[in-house]
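So you can see what is in the structure, the chains are spelled out below.
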Amino acid sequence: MTANQYMFILFALMIIVFSVLTVTTRKILRAATFLLFVLVSTSGLYFMLNYQFLAAIQLSLYAGGIVVLIIFSILLTSHISQKFESPGFKKVIFSALASAAGAILAIVTILDYNFSATTIAAKEVNMNAIGKGFLSVDYDGYVLPFEVISILLLASMIGAIVIAKKGGPAKVQTTTLNKE
Amino acid sequence: MDILSLFVVIPVLTITAILFLKDMKQVRVVSAIGMGVQLVLAAVLIYMYLTARHSGNTDEMLFVKDYIWYKSLNIHYAIGVDGISVAMIGLTSIVVIAGIFASWEVEYLRREFFISLILLATGVFGFFISIDLFTMFLFYELAVIPMYLLIGIWGTGPKEYSAMKLTLMLMGGSALLLLGLLGIYFNSAPGGGQLTFNILEISKITIPIAAQRIFFPLTFVGFGVLGALFPFHTWSPDGHASAPTAVSMLHAGVLMKLGGYGAFRVAIFLMPEAAKELSWIFIILTATSVVYGAFGAIVQKDLKYINAYSSVSHCGLVLFAILMMNKTAMNGAVLQMISHGLMTALFFALIGMIYGRTHTRLISEMGGLMKVIPFLSVCYVIAGLASLGLPGLSGFVAEMTIFVGAFQHPEPFYRGVTILAVSSIVITAVYILRVVAILLLGPTTNDHFTHLPDAKWYEKISVVTLIGAVAAIGLAPLWLSNMIGISLQPIVTKILAITPF
Amino acid sequence: MSAGIPVQYFLILATVMFFAGVYGFLTRRNLITILMSVELILNSVNINFLAFNRYLYPHKMEGMFFSIFVIAVAACEAAVAIAIIINIYRRFTTINVEDVNEMKF
Amino acid sequence: MTNFGYTIWIPLLPFLMFLLLGLAGNKLKAKLSGLLGTAGLAVITILSYFTAYKYFFGGENAEEGFQKIQAFNTVWLNLTDKLHIDLGILLDPISVMMLVVITTVSLMVHIYSLGYMKGEKGFERFFAFLSLFSFSMLGLVVATNIFQMYIFWELVGVSSFLLIGFYYTKPSAVRASKKAFIVTRFADLGFLIGILILSFNTKTFDFITLTDPSGPAFSQSTSAAFMGLSVMTWSMIFIFMGGVGKSAMFPFHVWLPDAMEGPTPVSALIHAATMVVAGVYLVARMFPIFSLTAPVALHVVAYVGAFSSLFAAIIACTQTDIKRVLAYSTMSQIGYMMLALGVSGYGGHEGLGYMASMFHLFTHAMFKALLFLGAGAIIHAVHSNDMTDMGGLRKYLPITHMTFLIACLTIAGIPPLSGFFSKDEILAAALHSNKLLFAVEYLVAGLTAFYMFRLYFSIFWGKDTHYHHTPHEAPFTMTIPLMILAVGSIVTGFIPFNELVTSDGKPFESELELMVAIPSVLVALFGIGFAYLLYFKTNGLPDKVAGFFKYGYKWAYNKFYIDEVYIFVTKQVIFRYISTPIAWFDRHVVDATMNLIASTTQNVSFRIRDFQSGQIQKYAFVFITGAVMLAILFIYFLN
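Protein chains in written order, with numbering that gives the first Met the number 0: chain Y, 0 to 179; chain Z, 0 to 500; chain C, 0 to 104; chain A, 0 to 638.
Only chain Y is shown next, with the shape it has when bound in the complex (with noise of 0.2 Å):
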């Protein structure tokens, strides 16, 4: 066994528990950190896969980013000592052999395909190539995807900002309220 196979199976071990962990603890707080770890992981497998600028997306934007959102909304909703009444039997059995079966199937499948090795070089991942991607309209150019995701965000953000801003409906309510 070599050292990134250690590695490897760090991550992997780490994932696997995390993730299931995640999704069966009680505590929602304790569920958001358990996340944490998982895309922790997560972005050491992209470390070991030579994704570096991936791997410091995940973890700036997804560790550092998401989580910490999920944590605040968490805060801003819930009470962090309350525990989750544990989800009704029937459904956890049945969710639970829906998942292992679908599980079991994709592995399955994974295990019966004969993946070929290719022999072409690598290509260096480096900034520049990435830089140039996404700003590039010849084949393997990204100007497009980026400019709509662009959009996405700056639409997404007034979203965000429009739907949790306080009123709506409440407000004119309160209004016509005083009003009276």
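Derived from the structure by calculation, the hints contain no laboratory data.
Keep in mind that this is a model prediction, so the values were computed, not measured.
Idealized CB from N, CA, C, for every residue including glycine.
Each hint should be verified, as a subset may be incorrect.
For the chain Y half of the interface with chain C, some residues (derived, Cβ under 8 Å), not all of them [said to hold, decoys possible]: (1) PHE7; (2) ILE14; (3) SER18; (4) ALA30; (5) GLY43; (6) TYR50; (7) GLY63; (8) ILE79; (9) SER80; (10) PHE83; (11) PHE88; (12) VAL91; (13) ILE109; (14) LYS122; (15) ALA128.
With chain Y fixed as given, assemble chains Z, C and A onto it according to the hints.
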């Protein structure tokens, strides 16, 4: 622009004009003007048609125009008229203008009311000028939808129920119809080649008999639902009873004729072989309609129900005559459509006006109205006499043409059924006279009714227009009958050419 | 760095993560935990993309770009979702999906 | 051939008058509209007399008999290639005769009405309807084809309906008008079916073609048969059914007595002189077909006529409403005419019955109109219809008395009044063909004399009733028509009908048969004598006689309960056992089926609504399970 498209364009322009009106009082004036123009246009069309025929134009359809609007399915906006369509357009324009005047005093959502009414008229006019099956179907649906709104919003009594029932049953009919039309479409080129929706082109070929046996009943029943074919007529009493006056007029007067016209133009014309083979089934159904509707009308208590059942009876006669498949009977069928359209519109107009005064439609609560509102009462008697087939009014002409035509059928079975249908004239007399006697004659029973006002000017216009048309057809039917007769020639030729299977 | 690890391992790992997310999506009642489950699912997809890209098509960059976009979309989605969740909380004082059934007939 | 084109104005003028009075009547002064109507009719009366003179004595026809002349004809409606409805004017002996009858009686009635209806509400409406009736009746008699006849047949039915129901606020009048229309309408159904069968077989409506003994109607006579009778026989029987209805023969007579609810001039015009004889006219019009191809149908005509005349005469003896007595008497006399047609043959002296029938029609129109108008004058004076309220009126109403007596003597068949001659011809015709019918008619002759004089004595003699107002003689507008008609009743018997109106248009010889005439006069005198005994002075005899025929009297008084049978059929059978179940069936079976389809759809959708629980996790579960299952299916089973 060709004259036929104007029949669709003018209503649309009227609707647009109404949309931008500020003053609600102008709405009805604009509607009346728009539909008045339409009436004049119809007169011009009849004149142009007769002139064209007189000058020796023997085309099956005149004023034909053809624009493609959906290429991949070969759907055209194809229009053209023959004598039958021209007659029906004339009928429609008369009934529509009478309907506009009859609803002169609609207060609630007046703008929307007139828009729906004219939209309905647009659908009807479009239906009559189309010679492309798909376009025809489109206009047909266009006519049915406003009906739902008109009954559901401006109706009386259990209007939501009635509107829903009427629309759903008609939609059910049009579902069958769509199947039938698509069936025709996919069989329109049995030898290979471009499929078509064009009636004239389809009529030149013979649809395979196996397909006809499936699609003839579908098409016929689909149109038959609208034509109140037994046992699919039950939307008619409820629908009419709940509908506002003008809508009853348009519906019974014009929309039900779409059924008869379609059954003739599509079902029989395109699939005569199956029609001949299966006619006995529908002959029994329609003859049942005729007698059954008349008997049903005898014991009704509500004026509109009486008239609805009588419509079932009279419209049954239309389909009955169409199925006899000879020139005279079909001529009678078209005449009956026109005649029934006019006189039933008259009936509903009068019922609406009487209801507007007495606030009841139960005949048992009324009596002796002749003394109080003589004008309306006399008109009601005239309508009744037209309905029971008094010579000199249109009903007689139509019924006699049908009876004589149907009795020329070579097979004794059909002649026997004809005698059954003829017997309806007595039953009709019974229920008409019953109503007239209870409603109008005798002493005035209810004190509240002793000071009712007689007809206003717009009501007089509405009623007199219709009576004038009824009497004109009744007194001088020859030109109309000939105009229709000439146009029936192609189908008669087609029927005569049928080789029995 | 990935030498000696077959591609299947990555795929199996992603599968497990994916179905863990699915399980969470099915069983959780709290909207935020459901959102977390969705994040898990998205993550597993990313792993797959990258693994395929690295092992089978190392001369291309589609997998990586796709992952970047997925992450971006996930970020948007999380922002909007949390906004909605907070709004729901204000309205109903709960974020339990089974209690939020105004739209049900 | 002489030009008769102007005859188009004979029916057209009343029609224009109807439109004028009907549309603008309420704007005109009542008196003016009455005068207008009368003047219009006077004009066409003159035209008709002129036509009759020109036709019969124009000198061109006498040699080969009177031909049928089509004075005017236009196509009104095309039906099939061969069948078309025409409107036109056909002149032949019977139509010309009818023109004279109708215009004469109608003019008399118009003049009479000017006085009788004075001050009534709806005066101009009355004259409008009278004009409509005159138009329809004239159109009927001059019809060139059977369909034209049917058209006007319906129109006279409607005018009759309108005039019976003239007093529309009176419930009994409304009922009577409704009854008259529906009963005759039912009979017309038979007429129409007859026309359909006839035209299907002969391919023509035209009278000239139809009645031409070498025409298509006759070549068809041996064709298809149904239930033992030929098609022509069936069609003739059906057509005769129309005649039965219009002429109030048994069993369609029930409407006629009730029709007396109308104003009396109307009864005189429509229900005595003109419209009710339309049935006789119809049979006469179709006579060659009846006689030559459908003798069975002709027998039906004879027996129906004979039975009706006897039936009506018996009922007439028991009624007390004077107009009803006259109505039954009308029915009885029309039965005579029908019988005469039924026993007649075609051509020459064989056609004696035909001639007699037309002769009687002519004389009957005069004396029956006179009787009704006289009755109207009486009613006008005492304001009652019931003869038990009357008595000794001869002192107050001298002119009415004299004319009424003349009419009674005429109808009883006392020579030399006109009724004697025409009745004698009928009896002679019956004697030559059917002894049973002959005997029946003798009996009826006696009964007729009896009930007419019962009426006469009860009204003008008998007890001296005390009246609230002293009855006074009617104004001259009413008495002049009475006198004119009385003169008509006296002199028309001397018209040589055997030279003018015959079955084949050729004159034949006929003389008074004393063997028939003398007994018939004796029978009539016996009837008169019996009536004199019973009713000349008030005594208990009538009650004793009634007691003697106890049940017979009761049945006859109640008109043999035919009305009750009709009421049972309409009220019970049609309303209760046909219409009500059909209406119920429609609502609770047909419509309920439609509603069932709707409610089933609704129920099903309520059931399957649970699948759409609104719970996202359930959806997700179903989605994932489905996806997994589909994956398994595609990977392992469909690969």
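Structure-inconsistent hints, enumerated in ascending order: Structure breaks hints 5, 7, 8, 9 and 11.
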